[in-house]
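Chain A is fixed; fit chain B onto it per the hints.
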Amino acid sequence: MSDVLRARGLEKTYRRGRAVDGVDLTVRRGERVALLGPNGAGKTTTLLMCLGVVEPDGGTVEIAGHRLPRGRSAAMAHVGFAAGYLPLPERLRVGEYLRMYGQLYGLAEPETQALRGLERFGIPHLVKAMGTELSSGQKTLVGIVKSTMHDPELLVLDEPTASLDPDVAMRVRTGLAALCQERGTALLVTSHNMVEVERIAERVVFLSAGRVVADGPPLEVAARFGRDDLEEVFLHLASERQASEHTEGLRP
Amino acid sequence: MTAHRFEAPAHVPRGLAAWLRIWAVARRHAYVLYRSPHRLFDVTVWPIVDTVLFGSLGVYFVSQGGPNSAGQAGVAYLLSGIVLWHVVYQAQIAVSTGFMEETWSRNLLSLMVTPLRELELVAGIALFGLAKLVMGVGVVALAAFTLYAFDVTDLGLALLPVIAILLLGGWAIALFVVGLILRFGNGAEALAWGIMFVVMPLGGVFYPVEALPAFIQPISALLPTTHAFAAGRELIDGGPVPWGELALAAIGTLVAAAAALAFVAWMLRLFRRRGYVTRYS
Chain A
1 MSDVLRARGL
11 EKTYRRGRAV
21 DGVDLTVRRG
31 ERVALLGPNG
41 AGKTTTLLMC
51 LGVVEPDGGT
61 VEIAGHRLPR
71 GRSAAMAHVG
81 FAAGYLPLPE
91 RLRVGEYLRM
101 YGQLYGLAEP
111 ETQALRGLER
121 FGIPHLVKAM
131 GTELSSGQKT
141 LVGIVKSTMH
151 DPELLVLDEP
161 TASLDPDVAM
171 RVRTGLAALC
181 QERGTALLVT
191 SHNMVEVERI
201 AERVVFLSAG
211 RVVADGPPLE
221 VAARFGRDDL
231 EEVFLHLASE
241 RQASEHTEGL
251 RP
Chain B
1 MTAHRFEAPA
11 HVPRGLAAWL
21 RIWAVARRHA
31 YVLYRSPHRL
41 FDVTVWPIVD
51 TVLFGSLGVY
61 FVSQGGPNSA
71 GQAGVAYLLS
81 GIVLWHVVYQ
91 AQIAVSTGFM
101 EETWSRNLLS
111 LMVTPLRELE
121 LVAGIALFGL
131 AKLVMGVGVV
141 ALAAFTLYAF
151 DVTDLGLALL
161 PVIAILLLGG
171 WAIALFVVGL
181 ILRFGNGAEA
191 LAWGIMFVVM
201 PLGGVFYPVE
211 ALPAFIQPIS
221 ALLPTTHAFA
231 AGRELIDGGP
241 VPWGELALAA
251 IGTLVAAAAA
261 LAFVAWMLRL
271 FRRRGYVTRY
281 S
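Going down the list, the sequences are from chains A and B.
Take the first sequence: its letters are residues 1 to 252, numbered as in my numbering.
Take the second sequence: its letters are residues 1 to 281, numbered as in my numbering.
Just chain A, same shape as in the assembly (with noise of 0.2 Å):
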């Protein structure tokens, strides 16, 4: 199985500090991963500077054969990014909105693509609403429709879910294995939600202090650290953390 995304020694430093260190991280094609950890432990940095959007300090990031960031455009027609606390644009109808994605990853047919996306996630009577007018669950699923209408290699979630009903949430998680299955499609997601990564993900990347702390299948990394699950490692880590930054509050 080759590499869809290929991240070696990422490391980012703001001013508040190191938030990226040296972190390496491969998906394969076809292979759902899940990239977890506590508030602060760097993933949403990670994710922005694997979709090219910041710059890391160090480290390389290659997508489906092309070398960020002179390969961003390139690479990006093989990317889809869905974020749940991302808005619809105003002043758009949810058909117009995803025409405009379509055309922008080059289709041909964007507006047909668009009504199969909506069809595929149960949503078709939204195409003429306004982005203003959707619940944040519909939202979020209109966002996963325009991140899978061009048939991307590698789909980039993060926290998809946070926003939705139990039933809407495993509508979306259906949808997106259909996607796995059946176009070999890559996944990186990033949840808070433990059960829902045991679900999705066959393998599993913890984040903490900007560096990697386990890598691997969930129920392995979870027997790594001792634990009965994915929850349990996470409230460790976090627990940690907390730890750490409160000694480092002590020191003089």
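Hints listed in this document are in silico derivations from the structure and should not be mistaken for laboratory results.
Every residue gets a Cβ at the ideal spot worked out from N, C-alpha and C, and that includes glycine.
Don't take every hint at face value.
[Stated by the list, open to error] Heads up, incomplete: computed chain B residues facing chain A, CB under 10 Å, no partners named:
no.: 1; residue: S105
no.: 2; residue: P115
no.: 3; residue: G275
no.: 4; residue: Y276
[As the list claims (entries may be wrong)] Simulated restraints on C-beta separations:
no.: 5; chain 1: B; residue 1: A149; chain 2: A; residue 2: T112; range: 15 to 21 Å
no.: 6; chain 1: B; residue 1: L119; chain 2: A; residue 2: G9; range: 28 to 34 Å
no.: 7; chain 1: B; residue 1: F184; chain 2: A; residue 2: M170; range: 23 to 29 Å
no.: 8; chain 1: B; residue 1: V241; chain 2: A; residue 2: Y14; range: 53 to 59 Å
no.: 9; chain 1: A; residue 1: P69; chain 2: B; residue 2: G15; range: 22 to 28 Å
no.: 10; chain 1: A; residue 1: S135; chain 2: B; residue 2: P213; range: 56 to 62 Å
no.: 11; chain 1: A; residue 1: P69; chain 2: B; residue 2: F184; range: 20 to 26 Å
no.: 12; chain 1: A; residue 1: A129; chain 2: B; residue 2: N186; range: 26 to 32 Å
no.: 13; chain 1: B; residue 1: V134; chain 2: A; residue 2: R29; range: 44 to 50 Å
no.: 14; chain 1: B; residue 1: M135; chain 2: A; residue 2: G184; range: 21 to 27 Å
Using the frame of chain A, we list chain B on its own:
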């Protein structure tokens, strides 16, 4: 959920993809204008207000000094100045507010993870901006004609290079503003409009450099718009095509455009390096 199989979609040929992306951005901004009627103020109401203000000023001064040829030329200077000023103004405002629209709607991150290149984004916004510019300048020209019997087309074809230079000048100012917004965030937005209030008096829109206080004159002489507007006034006077002024304006504008491009590229690098995109997500 409907059980739809995922199929590989057809893509346009690679050579067309960049044009399609530019078109997609232009179309998106057309929707924004269509659904935000208040934004039509920029291309309808303000142009008419400007025309009435400067046209009436000219008419008043002529009436005070008696109808003489110098006074009449003054009215024409003011009216041609405001028509041509709107080329700079509309070009600048369309691009800078077009970019700001993407920050207001928090669409920047989504755009940055598509194949859209930075120049294509600006080109798409500028393309739709051209349509707004035609509307805005058309309204000023029409108002000048109907209210003050001033026909800007009397200046002839020589007006075209003046317009082209001012258009490029407006885009250069817009790129400078976009660079500042990338660096300083939405706090720099006021500059989109504010910078025009600096350029207007210094840029020779209504009067030559000599009319300014002596210590400001060197700054004004450096601005390419000063020479473009001077060329416009020479055309009003009925003189030959002022190639000298046009050449100075063209060279100055090209230098300014290159500097603005370099500046915005520098700010974009800083934007990526410091992760400022999180301001808009």
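Any hints from earlier that this structure breaks? Give me their numbers in increasing order, please.
As far as the earlier hints go, 5, 7 and 14 are violated by this structure, in ascending order.
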